[in-house]
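Using the sequences and the hints given, assemble the complete structure.
Protein chains: 2
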Amino acid sequence: MVKDKIRPSLEEIKPYVPGKNPDVETVIKLASNENPLGPSKKAMSAIRAGLKKINIYPDQHALLLKDALSRKLGVSPAHIIVGNGSDEIMQFVTAAFLNAREQVITSKHTFSTYEFVTRVFDGEPLFAETRDRAHSLDEISGAVTLTTKLIFLCNPNNPTGTIFTHKQLVKFLNQLPKGVIVVLDEAYREYVESKDFPDSLALIKEGRDIIVLRTFSKIYGLAALRVGYGIARPEIIKYLNLVKLPFNVNGLAQIAGAAALKDTAHVKRSIKNNKAGKKYLYKELDALGLDYKKTEANFIFVSLKQNADEMFLNLMRKGVIIRPLTSFGLPQAIRVTVGTPAQNKKFVEALKKVL
Amino acid sequence: MVKDKIRPSLEEIKPYVPGKNPDVETVIKLASNENPLGPSKKAMSAIRAGLKKINIYPDQHALLLKDALSRKLGVSPAHIIVGNGSDEIMQFVTAAFLNAREQVITSKHTFSTYEFVTRVFDGEPLFAETRDRAHSLDEISGAVTLTTKLIFLCNPNNPTGTIFTHKQLVKFLNQLPKGVIVVLDEAYREYVESKDFPDSLALIKEGRDIIVLRTFSKIYGLAALRVGYGIARPEIIKYLNLVKLPFNVNGLAQIAGAAALKDTAHVKRSIKNNKAGKKYLYKELDALGLDYKKTEANFIFVSLKQNADEMFLNLMRKGVIIRPLTSFGLPQAIRVTVGTPAQNKKFVEALKKVL
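One line per chain: the protein sequences are A and B, in this order. Counting along the first sequence from 1, when you hit position 140 you're at 140 in this note's numbering, and nothing is skipped either side. Numbers in this note's numbering are just positions in the second sequence, counted from 1, shifted up by 355.
No wet-lab data here; the hints were simulated from the structure. Treat the numbers as computed from the prediction; the structure is a model and nothing was measured. Honestly, I wouldn't trust all of these hints.
[What the hints assert, rightly or not] Straight-line distance between alpha carbons at most 25 Å, and here's what the computed DMTMM-like set of lysine to aspartate or glutamate pairs gives: (1) A:K5 / B:E479; (2) B:K533 / A:D4; (3) B:K593 / A:E12; (4) B:K593 / A:E124; (5) A:K171 / A:D209; (6) B:K533 / A:E11; (7) B:K360 / A:E139; (8) B:K408 / A:E190; (9) A:K238 / B:D359; (10) B:K360 / A:E235; (11) B:K358 / A:E206; (12) A:K52 / B:E380; (13) A:K5 / B:E470; (14) B:K408 / A:E284; (15) A:K205 / B:E470; (16) A:K52 / B:E545; (17) A:K20 / B:D422; (18) A:K14 / B:E366; (19) B:K408 / A:E25; (20) B:K384 / A:D59; (21) A:K53 / B:D378; (22) A:K53 / B:E380; (23) B:K360 / A:D138; (24) A:K52 / B:D378; (25) A:K5 / B:E494; (26) A:K238 / B:E367.
[To be verified] So the derived label-pair ranges between C-beta atoms look like this: (27) A:K52 / B:K673: 23 to 29 Å; (28) B:T502 / A:G329: 36 to 42 Å; (29) B:K526 / A:E12: 36 to 42 Å; (30) A:R317 / B:T502: 52 to 58 Å; (31) A:Q175 / B:D359: 35 to 41 Å; (32) A:R317 / B:E366: 53 to 59 Å; (33) A:D4 / B:D493: 23 to 29 Å; (34) A:K275 / B:A697: 52 to 58 Å; (35) B:K427 / A:T165: 51 to 57 Å; (36) A:S303 / B:E366: 46 to 52 Å.
[To be verified] Computed list of chain A residues with no C-beta within reach of chain B, every gap over 10 Å: (37) L176; (38) Y292; (39) K305.
Heads up, the beta-carbon is just placed ideally off N, CA and C, and yes, glycines get one too.
Now the structure itself:
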């Protein structure tokens with residue numbers, strides 16, 4: 001029996017529930033917060049130019065990409081680690097810092113990978129209550145105990161698009177005991193419009209024990225390539241590197257990431273499309289009298305008065321895939337990615353038919 | 356102090372020592388057992404065709420690639436897991452099966468990632484003596500204790516190119532206690548000429564607790580893309596999947612792997628080149644009176660009477676990068692990849708000058 005051989009902690013691990021991919025071309029996918037404008041053309045060209053050398057192992061230190069990020073972010077390459085998606089870096093964090101039975105705090109109804117990487121390293125996840133659908137930093141600091149090692153917070157929050165501010169974050173960090181490391185998952189940072197959003201890099205430069213995660217999967221349109229990065233004090237990055245398999249980031253992702261960073265026109269277009277899409281969707285959701293959250297990201301959280309899985313199926317029959325939030329513990333809510341104008345319109349029309 | 360926060364087991368983790376990449380184009384790299392004929396052209400075309408959709412997350416189950424592998428190998432897709440390189444699957448094995456302080460056996464002087472993935476999950480690595488530079492299955496079974504959970508064996512062995520046979524493997528497996536899982540790393544399997552090489556898939560079909568690892572990084576020429584696979588009974592694969600991050604294998608790697616599998620002409624050319632290169636190198640190494648091992652892989656192990664790191668530097672000055680085996684615990688041995696005829700000749704000429 002193989003079951004007798006597994007690690008006991010595996011019994012608590014739940015499989016990830018992804019956004020559904022379309023079965024036919026006419027169906028549109030607004031389920032995984034991908035960039036509806038597609039990948040950066042500069043990234044695509046860089047990949048084409050690199051194809052002849054894919055028989056060679058990638059740079060294990062991702063030096064060129066770290067160099068490009070370093071110049072963009074104004075931190076040294078020693079402040080940066082690159083991962084096979086930023087979710088891999090979440091696992092480096094637990095691999096490097098989490099001992100068995102230490103506590104990891106996150107919020108209820110948030111990205112499930114924080115729980116996953118905690119369980120893989122035998123930690124104890126604790127889920128703080130949210131307030132008004134957003135992270136409650138008060139609930140979280142109230143939950144801290146002597147065994148708390150890590151806190152995972154996504155900001156903007158997935159799936160609600162809400163944020164906490166710089167001021168709120170500083171107050172929160174000041175209350176924490178010294179042994180705690182805070183991971184700030186800023187996957188949607190580039191979409192944020194609020195002026196009060198945390199300047200997390202400034203907090204790293206102050207010497208705080210925080211790890212900031214960002215990704216090329218969202219605004220840069222490279223989700224298929226799996227490349228994200230972490231920023232922290234070099235002393236922290238050193239230990240994350242120690243638990244990293246040498247060739248974790250594929251060579252085409254390294255090349256494409258560096259090219260996408262330089263494609264500021266693509267980023268600007270993507271932000272503009274998102275702003276316009278938010279405005280349109282707010283108006284239509286208001287007109288439908290639906291309860292939704294104003295978002296700082298590229299998706300909108302909508303509360304329903306009906307079962308989300310049913311809504312998902314009904315919308316799919318009309319050609320639109322959204323994300324039912326049942327796997328987030330919210331069986332009466334959905335999350336919809338802001339798409340192109342045509343996609344947003346198709347979603348609204350489908351929604352009107354199924355409500 | 357960050358050091359106070361890390362997991363104690365990290366103190367034993369040593370960074371991976373990779374093959375050096377050339378600084379200038381005129382230098383040839385025979386250090387990492389990459390395919391000197393380059394990537395499959397079919398794989399390159401498949402990537403070009405897939406570029407427009409790299410803004411979409413990859414299939415978390417790698418269904419198309421598993422399907423292609425399933426047909427090629429004659430096992431069901433449920434027998435297969437795909438990894439971000441086969442080294443990631445090594446880590447899935449320890450994540451799924453290794454409890455803290457359980458023992459993991461491998462040989463001295465072999466691929467270092469077995470030790471790495473053991474330490475990440477707080478296991479106790481034990482290194483069995485080799486015999487005549489090859490794995491000694493007797494030494495390994497003699498080292499098994501009540502706490503032994505896993506055994507990692509690469510066959511052909513890296514860095515010596517030696518193999519153990521089907522008969523030897525079956526005898527070895529029959530002696531093992533029920534609780535032990537054996538990982539057979541067959542990264543170089545496609546290069547094997549010996550008729551006595553284990554039919555490991557037949558052993559899986561018999562219901563043995565073995566996990567076979569293979570890769571697209573070697574003969575298929577896709578090292579930059581990071582894609583390898585594991586084959587085992589579905590009951591074992593199920594648990595490996597449970598500890599896998601959802602989007603571990605990038606989309607271009609999935610596409611390219613499936614295309615490379617179909618490119619039998621590229622594989623045949625690569626085998627032919629390797630056979631001819633082995634023959635040429637044997638002859639030249641014999642003429643130089645050097646002590647080397649006959650290989651079943653795409654590299655040759657050479658024992659020196661001098662320091663390998665010095666030899667590495669001297670050869671690099673002549674334009675050839677090989678792998679000094681100091682990091683394998685063999686400070687007087689090198690490993691050289693079988694290259695193209697021109698590369699092999701350049702290596703031999705450089706060697707003659709520096710010996």
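Any hints from earlier that this structure breaks? Give me their numbers in increasing order, please.
Violated hints: 14, 15, 18, 31; rest satisfied.
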